[in-house]
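> From these two lone chains plus the hints, build me the complex, please.
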Amino acid sequence: MSELKEFKCPNCGGRLEFDAGTQKMKCPYCDGTFDPDLFNEEIDFTVDGEQWNDSDLLLYTCHSCGGTIMADKDTAASSCPYCGNPVVMAGNVSGIYKPKKIIPFKLDKKEAKERYRKFLQGKVLLPNTFKSEATIDEIKGIYVPYWNFDGRASARMWFDATRRRHWIEGDYNCTETSYYKVFRSGSVGFTDVPVDASSKVKDELTQSIEPFNVREAKGFNENYLAGYLADKYDVDVEQSRKVANSRIANSTASLFASTTSMYDSCIPSSSNIVINQGKQEYVMYPVWLLNVKYKDQIYSFAMNGQTGKFVGSLPTDKGKLVSITLGVFLTVMAALTAIQYVVYLVR
Amino acid sequence: MKKILKVLIAVLLLCGISQRTYAEDGYIIMKEDGTDYSSYETYQELNEDLEHIEEEYGIAIYFIYDDSIENSENGISSYARDFLNRHLGATNTVVLAITENYYTVKADGPQSDLVTKDAKKLFELYNYAASRYDGIKDYYQYVVKIINEVSYSSGVPTVSGRPRVYDGAGLLSENEVLSLSKKLEDLSRKHNMDILVLTSDSLNGMDTDDYADDFYDYNGYQDDGVLLFVSMSSREMYISTKGKGTEYVTDYGIDYIFEKISDNLSDGKYYDAFVKYADHVDRLISEAEEGNIIDVDTEPKRSFGVVNVGISAIASLIASLITALVLKGQMKNVRYERYAGNYIAGNSFHITGMSDMLVNRHVSRTPRARHNDSSGRGSGHVSVGGSSIHTSSSGSSHGGHGSHF
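Chain order of the listed sequences is L and E. For reference, each letter of the first sequence is one residue, going 1 to 347 in my numbering. For reference, each letter of the second sequence is one residue, going 1 to 405 in my numbering.
No lab work stands behind these hints: they were computed from the structure. Bear in mind the structure is a predicted one, so any value in this text is a computation, not a measurement. Hints are not guaranteed to be accurate.
Stated by the list, open to error - Dumping the calculated DSSO-like pairs for lysine-lysine here, alpha-carbon to alpha-carbon at most 30 angstroms: (1) L/Lys118 / E/Lys328; (2) L/Lys293 / E/Lys121; (3) L/Lys131 / L/Lys106; (4) L/Lys279 / L/Lys295; (5) E/Lys145 / L/Lys110; (6) L/Lys106 / L/Lys181; (7) E/Lys145 / E/Lys117; (8) L/Lys123 / E/Lys145; (9) L/Lys181 / L/Lys101; (10) L/Lys279 / L/Lys309; (11) E/Lys328 / L/Lys318; (12) E/Lys117 / L/Lys113; (13) L/Lys109 / E/Lys332.
Claimed, not checked - Covered stretches of chain E, going by a simulated chain L footprint (3 or more residues, C-beta under 8 angstroms): (14) 177 to 185; (15) 200 to 213; (16) 335 to 349.
What the hints assert, rightly or not - Just a sample of chain E residues kept apart from chain L, beta carbon distances all over 12 angstroms, derived: (17) Thr91; (18) Ser112; (19) Glu174; (20) Ser266; (21) Asn308; (22) Thr352; (23) Ser364; (24) Ser392.
For every residue, glycine included, the Cβ atom is placed at its ideal position computed from N, Cα and C.
Extracted from the complex, chain E is given alone in its bound form (with noise of 0.2 angstroms):
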């Protein structure tokens, strides 16, 4: 009894240990001639930056220089898978351990395989930067190029921090980025709901709808939203929609954004259609929660404008003339007879010689326009209104369909 006691001790006892050594150490532990620099000031930026790496994308990275580590290879090797094990908790870890002459890196997720792999890169990076401080941080932003890049070439992206725009396809320049993710992140507190654009070079291997559903499910993002993907190995466009966003963006509502959007997408005008898309989004949105989802049986309300009052200008132009035109003959009855028609004398008029021949004919054809032509899609999908519904991979259900461009 007494040993039982005494083995839950010390696993308390060691679980208050790892918990103290995880809270005081932060991501950064600089100690050199038996002196602790960790806490300065300069290091206190770096760990909030790290910090904020771990957050936004679940990669924890660690920086440890001390002299005070055996200096050898070994001596290293085991200090660093220990502090390895005792900092487990978000999807990737890495540690950049050095002492006087040895470094090492250790790492720990799915992408442990390939940081390690790179590891005399990171220690380079740090090594031949022109300070310290900008060693660190070149060494834990190439961790994290890494491992996204890694992130987006292995099935779904897994990312975190809810941001609005993933271009993986590379379609967007930075500025494009930034700009579109401003609009997106107003648009999505607007409507509390996550509206979303993504770019892909390849679908490894998954549908295009699993994909799209998979991304939003994976990635922490609210119940109710709207998503945009767009594949560029298959030339689709796809939108996905949860929640409140398949109630309000009906496949109807979907079609009239594909109408819009696909010939700027043809046209390799990608920014311009992501706006438009969010545009629209935003219009079928604000006109849902008004009560008017728009549906096959509704149009989307054009704005009112200049087209109306053109059409009144003309409409009444022509209106006016005719009255004009009318009171006008009034005035005037008088006029020369060119004809003799009656004065015709009855049963006179005999045909006595007719033919009628055929000397061509010829048959021309266009195509129909169509009031529901979407472009192609596949499926032969067939909009009778409101919001088909499929359940992705995670077991939540998703609206949207996709079409080409």
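Only chain L is shown next, with the shape it has when bound in the complex (with noise of 0.2 angstroms):
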């Protein structure tokens, strides 16, 4: 670690960083910017698979909550963006696999500030004071380790379908049940279905935060980490495997069901899915955390750092939720009673 990994700027040698809005680096002091790729030959690429054996990045731990990141010298990591402790430095990022690919962040801070205010807007239950009074206690911009996989499913499905034929025979009103088995098969391929590898990004963020355009990846440039954190994979890929297998067949199963929209029910008698694995990939994707602190409580908001999906949960102020319930109670009460009343008058 003697030698210093900077890229300096080619016009007036200041530390160079690398512009979220711009998808260049960027020089702070003079404002001039460059395509990262030029400065790609000045680093050793790892190919999938291999580790960083020397790299600029330092290795921090949480002893509070155990999470690793990883952050360029100069980000200098001071509090760990999941639980807000101080973190301390657990050395180099030696011996830890390197992704095979990166989303480079495409908003910046004040975007997700930006978006984080515009979710307060229209929120009829959100507190009156929460506005004023919430504060964003932590905003990070974080690359989350992400294991893609491709697989291809193929299934055999049965179904019980019944179509339904009405129509009027003299006095009675006849309705025709047909009682169909229906049989389906055939298979399907997916690309690139991303599992949070980070136990300590909550999965309920990272999945509703989803899709990231996997299209605009770049192989993996550790100038992109520049102002970022990183996380690394702390979820072995077997057990991230089972939690993409399982969205694959419920997907499976939910296209093959919808080639029998022709019945009028139709009710999934039995299955029989299987997934071909495909290439697994180690990728990373650019999040937004804010951590937002209302009444002594933090509330977690996320940030598709490409597409700008905003999401997280808001405090419901009961006293409004119940007033404004029985507001339209009373109020859609008294209107609907009014009306049958008049409709009754005019009768």
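Laid out in structure tokens, this is it:
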């Protein structure tokens, strides 16, 4: 670690950072921007499965939650983005797998704050004091590690279906019900089904900000990490694959069920779905994490650093909920009764 | 010329005499040992009663006890016939005349035979009673009974005095007749129409509509009215309307009433059915009087109340719950993703096998609920609004139709 890897600005010699807005390396001193690929040659690239052996990245561990994050030397992580406790440097990243692909941050911190502000708008049940009292405790851009899986699902499915026909015969309403045994078989392919490989970032959050557009992914380049934090995977491939396969199976079943829409009712009676594994890839996706403190409670929000999809849970003002529900009830009640009474009087 | 004048004077005198006799006699003549008791207070009471009977039922009933009449079969018989001839005028006239050892019954009118046939019974009723007063009362009540029963069993009953309920089939108890009569009387006065209930065990060969129409026409009811007739022999209900009744109670209104009462009639709850009939007729007429005649295109108004508030309550409960769920849903957009639909590779979905096998088929039939279902009105009558009108045997116009129950 004696050799520092800095990307110096070709103009002024200042330290370059990757700028999400322009997708370029940017010099904070002279505002010069440069294509990150220009600097590739300066870095030893490792292929899939290869490990870091020499890097500017430092590894930090949180003694409180056990989270491990990577940051370049100058980003100097001081607190854990997951729990807010101080982190300590644990050494360098030697011996850790490098991701194969990375989707660089496209939206910056300002955008994340803006989206948060917008997310609060029109939330009728939000406590009145939330906007004024809640403070953004922390806002961090993190590259979250994902396992991406490809797979081809072959399915054989049986359904019990019915079709109804109605007609009038003299003084009778007739209904003919036809019962069918429906069979479908076939296959469907899935590519890059992402599974959050970090146990520290809540799966609920990372699944909610999906999807990422994997076509915009770049070959991994350490330069993209400049100014951001990165997590390292701590969920193994086999465990993640189960999650991916379950999602693939669910989608396959609903896809085949959608081919029976000509029936009035169609219930799967049995199914046999086999998934042939394709490639798996270790990738990093950009995520903005926001921790908002309100009345001694932390509310977590996440934003897709590529698409800007903003997710989270806000506190509900129970008093407002009750009074609005009651208000709607009484208003509708009064209006409906009045309308019925007017109709009654007119007739 | 003098002769003619003499005859004329004689006729005029006779008329005068007979009129005076009629007026003075009263219904009861009671003479014994040369004393006339007829004007005694006890007999005046009976006189009033009999006067009422003549008005109400068209039956004039006389009672004569006179020991000055020739005490022989011929004597009493000719006296009574004489008396009867002098007192004709009501539909039925009956005389019971008694002298020391003989009695006789003379009658005139459509039911005269039936009365004279029961002459012995009439005398015995008088003779074996506890007092003369009671005896006379028993006698004339029995006469009324004979004639009224006969009336019901020979064509359309003829009565007068406009009672509201004629329960010829005996479907109601005495109390029920009383309270139903009162109700109908009140409604009749309220709407200035005759609202009636008629029941019968037998149509005596007549058609239901003729029976009902004739009953109305031949009993001196007003030109406006509504009559419900229940014929037990044919298990039919029939509503006959006249004048304003026809205008206000349309064919649709009649079917509406039938729909409301037919279950009660089928179940033998006649009183309930008649009360409902009265209530619905009252409502139909009240609406019509306010210019709102209930017909095919106007539903009878339901009362505004619990049902309406209930509907409002349920609808607003649903509305408020949906609002609460939508607003609550806005607060959280974080959830686990169970599907991988975003990652389906383009054009990778292939169906390789497909079969749709029919395993069973069945057909169910349910009777259609028809809006204007009027439990088998045989004539295939279709309500197109308004009132269908026909002419009864007396030549007056009636509305109405019937239905089985």
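> Each hint: holds or not?
Evaluated hints:
1. L/Lys118 / E/Lys328: Judged against 30 angstroms, a Cα distance of about 17 angstroms means the pair holds.
2. L/Lys293 / E/Lys121: violated, 111 angstroms
3. L/Lys131 / L/Lys106: Status holds; Cα separation ~27 angstroms.
4. L/Lys279 / L/Lys295: violated, 47 angstroms
5. E/Lys145 / L/Lys110: Since the Cα atoms of E/Lys145 and L/Lys110 sit roughly 108 angstroms apart, the hinted pair is violated (cutoff 30 angstroms).
6. L/Lys106 / L/Lys181: violated, 51 angstroms
7. E/Lys145 / E/Lys117: Cα-Cα ~14 angstroms, so holds.
8. L/Lys123 / E/Lys145: violated, 87 angstroms
9. L/Lys181 / L/Lys101: Given pair L/Lys181, L/Lys101 is violated - Cα atoms ~46 angstroms apart, limit 30 angstroms.
10. L/Lys279 / L/Lys309: holds, 27 angstroms
11. E/Lys328 / L/Lys318: It holds: about 10 angstroms lies between the C-alpha atoms, which stays within 30 angstroms.
12. E/Lys117 / L/Lys113: violated, 116 angstroms
13. L/Lys109 / E/Lys332: Holds - the C-alpha atoms of E/Lys332 and L/Lys109 are around 22 angstroms apart, at most 30 angstroms.
14. 177 to 185: As far as the region 177 to 185 of chain E goes, the hint is violated, because 0 residues have Cβ atoms under 8 angstroms from chain L.
15. 200 to 213: Violated, because only 0 residues of the region 200 to 213 of chain E bring their Cβ atoms closer than 8 angstroms to Cβ atoms of chain L.
16. 335 to 349: holds (count 13)
17. Thr91: Given a closest Cβ separation of 49 angstroms, the condition holds.
18. Ser112: holds, 56 angstroms
19. Glu174: holds, 41 angstroms
20. Ser266: holds, 21 angstroms
21. Asn308: violated, 5 angstroms
22. Thr352: violated, 5 angstroms
23. Ser364: violated, 5 angstroms
24. Ser392: At roughly 34 angstroms from the nearest Cβ of chain L, E/Ser392 sits farther out than 12 angstroms, so the non-interface label holds.
Of the hints listed earlier, those the structure fails to meet are numbers 2, 4, 5, 6, 8, 9, 12, 14, 15, 21, 22, 23, in rising order.
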